[in-house]
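Engineer: Sequence:
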Amino acid sequence: MRYGIFCFYFCIVCAIYASGQPQIRLNLDRSIEIAVDSSLQAFRVKNMYLANYWQYRSFKAARLPSVSLSMTPLQYYRDFTKRYDSERNIDVYRSQQSLYSAGGLSLSQNVDATGGTFYVDSKLDYMRNFGDNTYSQYSSVPVRIGYSQSLFGFNRFKWEKKIEPLKFEKAKKQLIYEQENITGNVIGYFFNLAMAQREYDVAKSNVASSDTLYKIGAERYRIAAISQADLLTLRLDVVNAKNSLENAEMSLKRAMFDFVSYLNIDKTTQVQLDLPDKPQDIKISVDFALEQAKLNNPDYLGFRQELLEAQQEVERTSKSSIFDASLNASIGFNQAATSLSNVYRQPQQQDVVSVSLSIPILDWGVRRGRVNMAKNNLNVANISVQQKELSLAQEVEMTVNDFNIQANLIASAEEALKLATLVYDATKQQFMIGKADINSLTLSQNRHLSAQRNYISALNNYWISYYKIRKLTLYDFLKQESLSMQFDLLFNL
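Sequential numbering of the sequence shown, starting at 0, is according to numbering that gives the first Met the number 0.
Treat the hints as calculated values from the structure; they're not laboratory data. Keep in mind that the hints are not guaranteed to be accurate.
Cross-link-like lysine to aspartate or glutamate pairs, in silico, EDC-like; alpha carbons within 20 Å at most [stated by the list, open to error]: (1) Lys293 x Glu396; (2) Lys160 x Glu314; (3) Lys478 x Glu32; (4) Lys160 x Asp84.
Quick list of the computed label-pair ranges, beta carbon to beta carbon [to be verified]: (5) Arg155 x Gln96: 44 to 54 Å; (6) Val351 x Gly102: 35 to 45 Å; (7) Ile144 x Met70: 15 to 25 Å; (8) Lys45 x Pro21: 20 to 30 Å; (9) Gln386 x Ser57: 30 to 40 Å; (10) Leu307 x Ala60: 15 to 25 Å; (11) Val91 x Ser353: 46 to 56 Å; (12) Asn132 x Ser65: 37 to 47 Å.
The C-beta atom is built at its ideal place from N, Cα and C for all residues, glycine as well.
All chains, please: the whole structure from these sequences, using the hints.
Structural biologist: Right under this line is the structure:
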């Protein structure tokens, strides 16, 4: 009875100890989900998107009416100020004490089409003089409506309306693009680990197999069925298999560390990978991929932004090179009184119209130089964008062509692996019964290992190519919808 209880507690302790190193199984899709959600690179990408998101929110808010309150609660003066004495026809310094207080409320609305600003405001001022002639007075502007406008100047509101939505759309697609970039990195780490695990398993199997074959060889050598050279070769295989196992274990630990570090999960986690199934038969049209890339790739939006900003600079420098005029017109009411109760009674009409001019006369060609430089930069931007578009289109075309042959390569690698496995198993059985020599066994073993590597490498190349096309086009060819649409549905945009 006591022995049974001891065994029970011993099993519990062993289970607790084993659970100290968590173990999980992951497939490729789940690995991608974890990396896109929790990796350090994903955290950086999301924060970059949020910065652009709040910049766009600020732009949208600037298009709405704004209300501001300006106040001077208290302003006190006690100093000597210069005054004119009319009796003596001279300027004299006189002592002065005064108290001033003011407040105003303003509502303004920018007009994108014209670059002007409508405003409605209200003001109240209070002034009190101290000294021999103590005097108090209030001044009010109950309401005033006005409009200010640069008549020939640069309209930044118009260009912001063109550029800022484009920048935000680019930021959104850049986020999706970077997530696809994370996916590509995960695939690399995933298949590196898968290859390391497979080679480790093969190395363990080779140690056991080599040891068994050596023992069989020793028995056959004892009856003179094989030569001493063959026996030594089998012994060498045992030593090499053990060395390969140690190297494979180190490679496995390194690949495991790289994988869990990139996914930002517990570094002690032991992951067992499930290789993805044979992919679906997908054929991607080059023309369709190019069409989706032009619609969705953030680089194309960046090209448009680059051209718009260059055109904006041309207009800004051109407008600043000629004379400018601004208009400010307002109509309202105002009143002044010695008491607060009277300052809003029977207000008088207030009309203000002002026109200001700025005319460059002589600047030695500075403004003209800026205009010419902006135009040259626009020409350079046009050529640069054309080159970048051509380069991106070539990359899309090459990636699609490369992808379309990967499925055939996987099928060939899978068939080669099956054949190599059958040949290796058959050769090993023939060697054990004395119908195959050591050279045939070694050759079949090397071919079997090479076939396994080629199959994993073919899977890796296939999924790398597929997700690279997804990254370039931001299009899901399995679900046949754009990744931007999936993003909008996910976040209700």
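Engineer: So, for every hint listed, does it hold in this structure?
Structural biologist: Here's how the hints hold up against the structure:
no.	hint	verdict
1	Lys293 x Glu396	13 Å, holds
2	Lys160 x Glu314	15 Å, holds
3	Lys478 x Glu32	17 Å, holds
4	Lys160 x Asp84	58 Å, violated
5	Arg155 x Gln96: 44 to 54 Å	45 Å, holds
6	Val351 x Gly102: 35 to 45 Å	20 Å, violated
7	Ile144 x Met70: 15 to 25 Å	22 Å, holds
8	Lys45 x Pro21: 20 to 30 Å	26 Å, holds
9	Gln386 x Ser57: 30 to 40 Å	34 Å, holds
10	Leu307 x Ala60: 15 to 25 Å	22 Å, holds
11	Val91 x Ser353: 46 to 56 Å	34 Å, violated
12	Asn132 x Ser65: 37 to 47 Å	42 Å, holds
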